[in-house]
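A.B. asks: Listed here are the chains, written in short residue letters.
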Amino acid sequence: MSAIILLTVFGIIVLYLGFAENKTILAPVAITGLVISMVLSIKDWGLGSKYFHDMMIIDNFSIAFNVSMLIITILIFLFGINYYKRMEHHVAEQYALMIFALTGAFLMTSFSNLIMLFLGIEILSIPLYILAGGKKSSFRSNEASFKYFLLGSFATAFFLFGIALVYGASATFYLPEIKNYIAQFNGHLPPMLMVGLLFILIGVAFKVAVAPFHFWSPDVYEGSPTLVTAFMATVVKTAGFAAFYRLLGMGLLPLPGPLEKTLWVMTMLSLLVGNLAALNQTNFKRLLAYSAIVHTGFMMLAMLSQHDSSASVLLYYTFVYSLATVPLFIIFIHMKRASNGLEELSIFRGLYKQKPWMAVFMTILLMSLAGLPPTAGFLAKYRVFILSISRGYLAISIFAIIMAIIGIYYYFYVLREAFSESNDPNPIEITKLNAALIIVCGVAVLLLGLFVWTVPI
Amino acid sequence: MILIIILLLPVITGLFLLLLRNPATVRFIALGSALVNLILTLGLISTVPSTTYTIDSTHFMGTQFTLGYDGISLIMLLLTNLLFPFIILSGFTRAHIKIPVLNFLILFTQSSLIGVFLAQNAFLFYIFWELTLIPVYFILLLWGGENRRAVTLKFFIYTLTGSLFLLFGIIYLYTWTGSLHTTDFSAFNQLHLPADTQTWLFWILFIAFAIKLPIFPFHTWQPSTYTMASKQGVMILAGVMTKMGIYGALRFLFPIVPQGVLFWQNTVITMCLIGVVYASVIAFRQTNIKRLIAFSSMAHISLMAAAMFALNYYSLQGLLFQVISHGVTIVALFYLVHLIQERTGTLELPQMGGLKLAAPNMAILLLMVVLGSIALPLTSGFVGEFLIITGLAKQSIWIAVFGGLTMILGAIYMLYAYQRIMLGDENPALSKIKDVQVIDYLILIPLIAIIFILGVYPQPILNLLEESVNSMQKLLIPANEVVTLFLR
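Chains A and B are the protein sequences, given in the same order. Residues 1 to 457, numbered by the numbering used here, are exactly what the first sequence covers, in order. Residues 458 to 945, numbered by the numbering used here, are exactly what the second sequence covers, in order.
Rather than coming from a laboratory, the hints here were simulated on the basis of the structure. Hints are supplied without guarantee of correctness; some may be wrong.
Covered, in the sense of this in silico footprint (three residues per stretch, anywhere, with C-beta under 8 Å from a C-beta of chain B), are these stretches of chain A [to be verified]:
(1) 372-378
(2) 381-395
(3) 407-421
Not the full set, but computed from the structure, chain B residues with beta-carbon under 7 Å of chain A [to be verified]:
(4) Glu587
(5) Thr618
(6) Leu648
(7) Arg877
Note that the Cβ used here is the ideal one computed from N, Cα and C, for glycine as well.
Given the sequences, and given the hints that come with them, work out the whole structure.
C.D. replies: Right, here's the structure in full:
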C-alpha cells in the first residue's frame with residue numbers, strides 16, 4: 001500500500017517540478033520514485049496484506065506483477081530522457097501521467113472487489129487518453145486520443161453495466177462471494193448473471209485488446225507518441241492481464257461453459273486476426289500493434305489453461321514480451337529520426353551496415369518476440385505450450401503453433417530489411433545511454449532464456 | 458569433458474574472431490579450431506564409444522544439460538568435424554566482406570550442429586536444432602546470390618514450420634512422462650504409447666525431418682535455396698544439415714513411435730521413391746549446374762531416407778556409410794561447381810563446353826568427383842548405395858528397382874552434364890581461364906582421396922559402423938518386436 005501512496009505522491013511532485021522549467025531533473029526524480037516504490041513493494045512479499053475492508057489484497061501475485069511493471073516503466077523513463085529532449089513544454093506532465101497510470105495498474109493487480117477493479121481501470125485509462133494525444137499538432141495523435149477515449153468509454157460502460165447486472169443478481173461486489181454465488185448454480189447461470197459476467201469480460205478484453213475488441217489498438221498505437229505506444233503495449237497490457245487473471249482466478253473459475261467457449265474463441269481470433277493483419281502491414285508501429293494482439297492470444301492461452309503455474313507463466317510471458325518490445329520501439333524511434341519521420345518498414349534498411357551491433361540486438365529482440373531459442377521468448381512460448389498441451393488442449397495448441405510460424409514471417413521480414421542495403425543512408429545517431437539500455441535489454445532477453453526464472457506466485 | 462570442448466570450441470573461437478581485423482589471421486584461426494576439433498573427434502572415435510557424459514544443471518533453460526554419444530552420434534560428429542575444415546578452407550580463395558563475421562557464423566553453425574548430434578535430451582536437441590538455423594539464415598542472407606532475400610525467408614519459414622511441430626511433439630511426449638517431468642531420450646524411449654497415438658504423432662515428429670532432408674512433397678525450398686546460397690552456405694546445407702534430418706528421424710521415430718513407423722513405412726518409402734525418380738528426371742532437364750546438383754542431391758537423400766525406413770541391417774549400414782560418403786562427395790562437387798563459376802563466370806550449361814582444353818586438371822578432378830557421385834565401383838558411393846539397394850531388395854524387389862534408378866539416372870544426367878561442361882570443341886570465351894591452383898588442390902585432393910579410399914577399403918568405416926548399427930538395432934528393438942508381432 002505504501003508503494004501506491006508513494007507513487008501517487010511522486011506523481012504529484014513530478015507534476016509540480018514542471019514549473020521549474022528544468023527538464024533534466026524530471027526523469028531522475030520520477031525514476032527515484034519508482035525505485036523506492038519497488039523497494040517498498042518487495043518488502044511486502046509474502047505478507048498478503050488487506051486494505052479497505054478487503055477491497056484490495058496485496059499478495060505475492062500483485063507484488064510480482066507490480067515489480068515487473070515498475071521495471072518496464074523505469075526502462076521507458078530512462079529512454080524518455082532522450083526522447084523528451086526535443087520537447088519544449090509539458091514534459092513533466094508526460095512523466096506524471098505515466099506514473100498515475102501506473103498507480104491505476106497497481107490497483108488492477110490487487111483488487112478483490114469489482115469496484116476496485118473499475119477504479120483501477122479508470123485511473124489507468126484516463127492518463128492514457130491524454131498521453132495518446134501528446135503531440136498536439138499531429139493529426140494522427142489527436143485521432144488516436146479521441147478514438148481511444150471514445151472506444152474506451154464505450155468499453156467502460158459495458159464493464160459498469162456488467163458490474164451492475166452481477167450486483168443485481170448476487171448482491172455483492174466482492175469476488176470470493178460472487179464465486180460462491182456462481183458455484184451454487186452448478187454451471188446453469190441465470191441470464192442476468194451470465195450477461196453481467198459477459199459484459200465484465202468484454203470490458204477487460206477491450207483493455208488488453210483481445211480480438212474482436214482490438215480494433216482501437218492499431219490506430220491508437222500508430223498515432224500515439226512512440227514512447228507512449230511502448231508504454232501502452234507493455235505496462236498496460238501487463239496490468240490488463242493481471243486484472244484478467246485475478247478476475248478469473250478469484251471469482252469466475254471454473255467458468256460456466258458458454259463463457260469459457262467465448263474466451264477460447266476470442267483467443268483463437270486474436271491469434272488469427274492479429275497474424276493475418278500483421279502480414280500486410282508496412283508501418284512498423286501497426287505491425288507491432290498487430291503482433292501485440294497475437295501475443296495477447298498466447299497470454300490468453302496460458303491463462304485459460306488453468307493450471308497452478310498459469311500465473312507464473314503469464315508473468316514470465318508478459319515480462320519477456322515487454323522487455324523485447326520496449327527497446328524495439330526505441331530502435332524504431334532512432335530509425336524514424338534518421339529517415340525524417342517515416343514509419344515504414346523500409347526505414348530499417350542499412351541498419352546493419354551503419355550500426356552492426358544495433359542490428360544484432362534487434363535480431364535478438366525480434367527472435368524473442370518470434371519465439372526462437374535461445375531467447376527468453378522461446379521459453380515463454382514453450383511454457384505456454386507445456387501448460388496447454390498438458391491440459392489436453394491439443395487442437396488449440398497446434399493452431400497456436402501454426403500461428404507462431406506465421407509470426408516468424410513478419411518478424412523476419414523486418415529483420416531482412418535491417419540487413420539489406422540502403423540507397424541513401426542517413427546517419428543514425430544514438431546516445432550512449434540508449435545504446436547501453438538496448439544492449440542491457442538484449443542481454444537480459446538472452447540470459448532470461450538461458451537461466452530459468454520462476455517466481456512462486 | 459572432451460564433449461564439452463568439442464561442442465564449445467568452435468563457437469568460442471568464433472566469438473574471439475569477431476575481435477580481430479586481419480582477414481588472414483581470422484581464416485587461419487578458424488581453420489585451426491576446426492582442425493583441432495577434427496583431431497579431438499578422431500581421438501574420441503579411437504576410444505571405446507560407450508560412455509555417456511552428463512552434467513546436471515537444472516538451471517540451464519530448466520532442463521538437464523546432458524551430452525552423450527552412441528554410434529549414430531559418432532558418425533554424424535565425424536562427418537561434421539571432417540567437413541568443416543574444408544568448408545572453412547574453401548573460404549580462403551575469395552575476398553569476401555566481413556570475414557570475421559562469416560567465420561563466426563560458420564563456427565557457430567558447427568557448434569550447434571555438434572550440439573544436435575550430442576544432445577541426449579529432446580529439449581536440448583530442439584534448442585540446438587533451431588540454433589543451427591540462425592547462423593545459416595544469416596550466411597544465406599548476407600552472402601547469398603541472386604534473389605536471396607525472398608529465398609532465404611522461404612527456407613527459414615519452411616524449416617521452422619517443421620521444427621515447431623517437432624516442438625509440439627516433444628511437449629506432448631513430455632506430458633506422457635508424467636511424474637518424471639523429463640525430456641530425456643532415455644525416458645521417451647520407454648514410453649510405449651498407444652498405437653493410435655503413434656500413428657498421428659509420427660507425422661508431427663517426422664515432418665520436421667522430412668523438410669530438413671528433404672523428401673518429396675516437402676522439398677520445394679531446396680533447389681532455390683541451394684542455387685542462391687554462397688559456396689560455404691551450400692556446403693553446410695547439403696553436406697551436413699541434410700544429415701540432421703536423418704539423425705533426427707533415427708533418434709525420434711524408431712525408438713519412440715515404432716508402431717507409427719511400421720504403419721507409415723510403405724507410405725514414406727513410396728514418397729522417397731517418388732522423390733528419387735522425380736528429382737532425377739528434373740535434374741536431367743536443368744541447365745544450371747548448381748540446380749542440377751541440388752536435384753541430384755535430393756535424389757540421393759531420398760534413397761537414403763528410403764533405406765532408413767526399410768528397417769534392416771544392410772540398409773541401415775548402407776545409410777550410415779552413405780551419410781559420410783554423400784557428405785564428402787557433395788561438398789567436393791559443390792566446391793568444383795563454384796570453382797567453375799568463379800573461373801568462367803557462369804553456371805549455365807549451354808554457355809560452357811571445351812573447358813577441358815583450358816583446364817585439364819580441373820577436368821580430371823571433376824571427373825573423379827562425378828564418378829564418386831554416380832556410385833561407380835571403387836568409389837565410396839558404390840559401397841553405400843550397394844548396401845542400401847541390398848537392404849531395399851530385402852524389403853521388396855520393386856523398391857530396390859526404383860531405388861536403383863538413382864544410380865542409373867544419376868549416371869545419365871551427371872555424365873551428360875560433365876560432357877557439356879568439359880568436353881567438346883574449344884570454346885573461345887573460356888580459353889583463357891586459369892586451371893586449378895594450390896588452394897583448390899588442398900581441398901579437393903583430400904576429399905577425393907576419402908572418396909576413393911573408402912571405396913576401395915571401406916572396412917575401417919564399416920567396423921566403426923558395426924558399432925553404430927548395433928547401437929541402432931538396440932534403438933530398433935521396440936520396432937523389431939512390433940515387426941515380429943506383425944508377421945506372426
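A.B. asks: For the segment 407-421 of chain A, count the residues whose Cβ lies under 8 Å from any Cβ of chain B; is that count three or more?
C.D. replies: Our answer is that it holds, as 7 residues pass the Cβ test (under 8 Å) against chain B, meeting three.
A.B. asks: Going by Cβ atoms only, is Glu587 of chain B closer than 7 Å to chain A?
C.D. replies: OK, holds: Glu587 of chain B within 7 Å of chain A, min 5 Å.
A.B. asks: Is the interface hint satisfied for Arg877 of chain B? The criterion is a beta-carbon contact with chain A at less than 7 Å.
C.D. replies: 35 Å, violated
A.B. asks: Cut-off 8 Å, C-beta pairs, minimum 3 residues; does the coverage of the segment 372-378 of chain A by chain B stand?
C.D. replies: holds (count 4)
A.B. asks: Using 7 Å as the Cβ threshold, decide whether Leu648 of chain B counts as touching chain A.
C.D. replies: 15 Å, violated
A.B. asks: Using the nearest Cβ pair, does Thr618 of chain B come within less than 7 Å of chain A?
C.D. replies: Hint on Thr618 of chain B: holds, closest Cβ of chain A at ~5 Å, below 7 Å.
A.B. asks: Between the segment 381-395 of chain A and chain B, are there enough contacts, at least three residues with CB-CB distance under 8 Å, for the coverage claim to hold?
C.D. replies: holds (count 6)
Comparing the model with each numbered hint stated earlier shows that hints 6 and 7 do not hold.
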